[in-house]
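> FYI, the numbering for the sequence shown is 16 to 151, going by the numbering used here.
Derived from the structure by calculation, the hints contain no laboratory data. A hint or two may mislead.
[Unchecked claim] Think about it this way: if two alpha-carbon atoms lie no more than 20 Å apart in a straight line, the pair counts; the simulated SDA-like pairs of lysine to any residue are: (1) K105 x A115; (2) K105 x Q116; (3) K143 x K21; (4) K105 x T130; (5) K103 x G120; (6) K103 x L79; (7) K82 x K105; (8) K26 x N40; (9) K105 x Y119; (10) K103 x Q91; (11) K26 x L79; (12) K82 x G120; (13) K105 x V127; (14) K103 x E63; (15) K103 x K82; (16) K21 x M54.
What you are looking at is a predicted structure, and each value in this text was computed from that prediction instead of being measured.
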Amino acid sequence: MNIFDKDFIDKLFAGAVESPRLRQNYDLRNSANDTSQRMLNALMPGTEVPIHQHTETAETVICLCGKIEEILYERQEVATDDGTIEVKFKETARYILCPAQEAYGMQIPIGVWHTVYVIEPSVIFEAKDGAYVPVK
Numbered sequence: 016m017n018i019f020d021k022d023f024i025d026k027l028f029a030g031a032v033e034s035p036r037l038r039q040n041y042d043l044r045n046s047a048n049d050t051s052q053r054m055l056n057a058l059m060p061g062t063e064v065p066i067h068q069h070t071e072t073a074e075t076v077i078c079l080c081g082k083i084e085e086i087l088y089e090r091q092e093v094a095t096d097d098g099t100i101e102v103k104f105k106e107t108a109r110y111i112l113c114p115a116q117e118a119y120g121m122q123i124p125i126g127v128w129h130t131v132y133v134i135e136p137s138v139i140f141e142a143k144d145g146a147y148v149p150v151k
């Protein structure tokens with residue numbers, strides 16, 4: 016059993032500060048065979064999360080502490096002068112998640128392109144359907 020108290024959160028933040036990616040996650044799955052993904056993620060300002068989407072599941076994000084901005088995009092393919100196709104992302108919405116502002120979380124629909132901008136050190140709970148598959 017784990018209790019997610021101030022000491023636990025402080026340790027997550029310490030790991031995020033030491034990480035080259037400026038983030039540290041804590042896996043909440045029971046095993047690698049779980050059919051859902053659940054984690055706490057400590058995020059520091061300056062961390063970069065590439066614009067991405069989840070094609071098989073929605074993603075639930077709850078901000079436990081701190082302040083982040085979820086940014087949603089529409090993917091566009093644009094023809095260039097030389098005939099190639101360039102992929103661009105058009106921002107469609109921004110949502111502040113901050114428990115001090117009574118904005119606790121959101122569900123990002125299946126297939127929506129998104130990223131997160133960290134305004135102040137934050138810990139979020141993330142949940143998605145489907146087993147974890149590492150990006151190669």
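> None of the hints should be skipped; say for each whether it holds.
Status of each hint after checking the structure:
1. Proximity of K105 to A115 is assessed by CA-CA distance (about 29 Å); at most 20 Å being required, the pair is judged violated.
2. For the given pair, K105 sits about 27 Å from Q116 by alpha-carbon distance, which is inconsistent with the 20 Å threshold.
3. In summary, the hint linking K143 to K21 is not supported, as the alpha carbons are separated by about 25 Å, beyond the 20 Å threshold.
4. With a C-alpha separation of about 12 Å, the suggested pairing of K105 with T130 holds against the 20 Å cut-off.
5. Annotation: proposed proximity of K103 to G120 is violated, straight-line Cα distance about 27 Å (limit 20 Å).
6. Restraint check for K103 and L79: not satisfied, since their Cα atoms lie roughly 32 Å apart, outside the 20 Å limit.
7. About 23 Å separates the Cα atoms of K82 and K105, which puts this hinted pair outside 20 Å; it is violated.
8. Taking the CA atoms of K26 and N40, the gap is near 11 Å; set against the 20 Å cutoff, the hint holds.
9. The hinted pair formed by K105 and Y119 fails the criterion: a straight-line CA distance of about 25 Å is larger than 20 Å.
10. A threshold of 20 Å between alpha carbons decides the hint, and for K103 with Q91 the separation of about 5 Å falls inside it, so the pair holds.
11. Between K26 and L79, the direct Cα distance comes to roughly 15 Å. Compliance with the 20 Å bound is thereby established for this hinted pair.
12. At most 20 Å may separate the alpha-carbon atoms for a hinted pair to count; K82 and G120 meet this at roughly 11 Å.
13. A distance of roughly 12 Å separates the Cα atoms of K105 and V127; the hinted pair therefore holds under the 20 Å criterion.
14. Between K103 and E63 the alpha-carbon distance is near 18 Å, which keeps this suggested pair within the 20 Å criterion.
15. Proximity of K103 to K82 is assessed by CA-CA distance (about 27 Å); at most 20 Å being required, the pair is judged violated.
16. Between the alpha carbons of K21 and M54 the distance comes to roughly 17 Å, so the proposed pair stays at or under 20 Å and holds.
In summary, the numbered hints that this structure violates are 1, 2, 3, 5, 6, 7, 9, 15.
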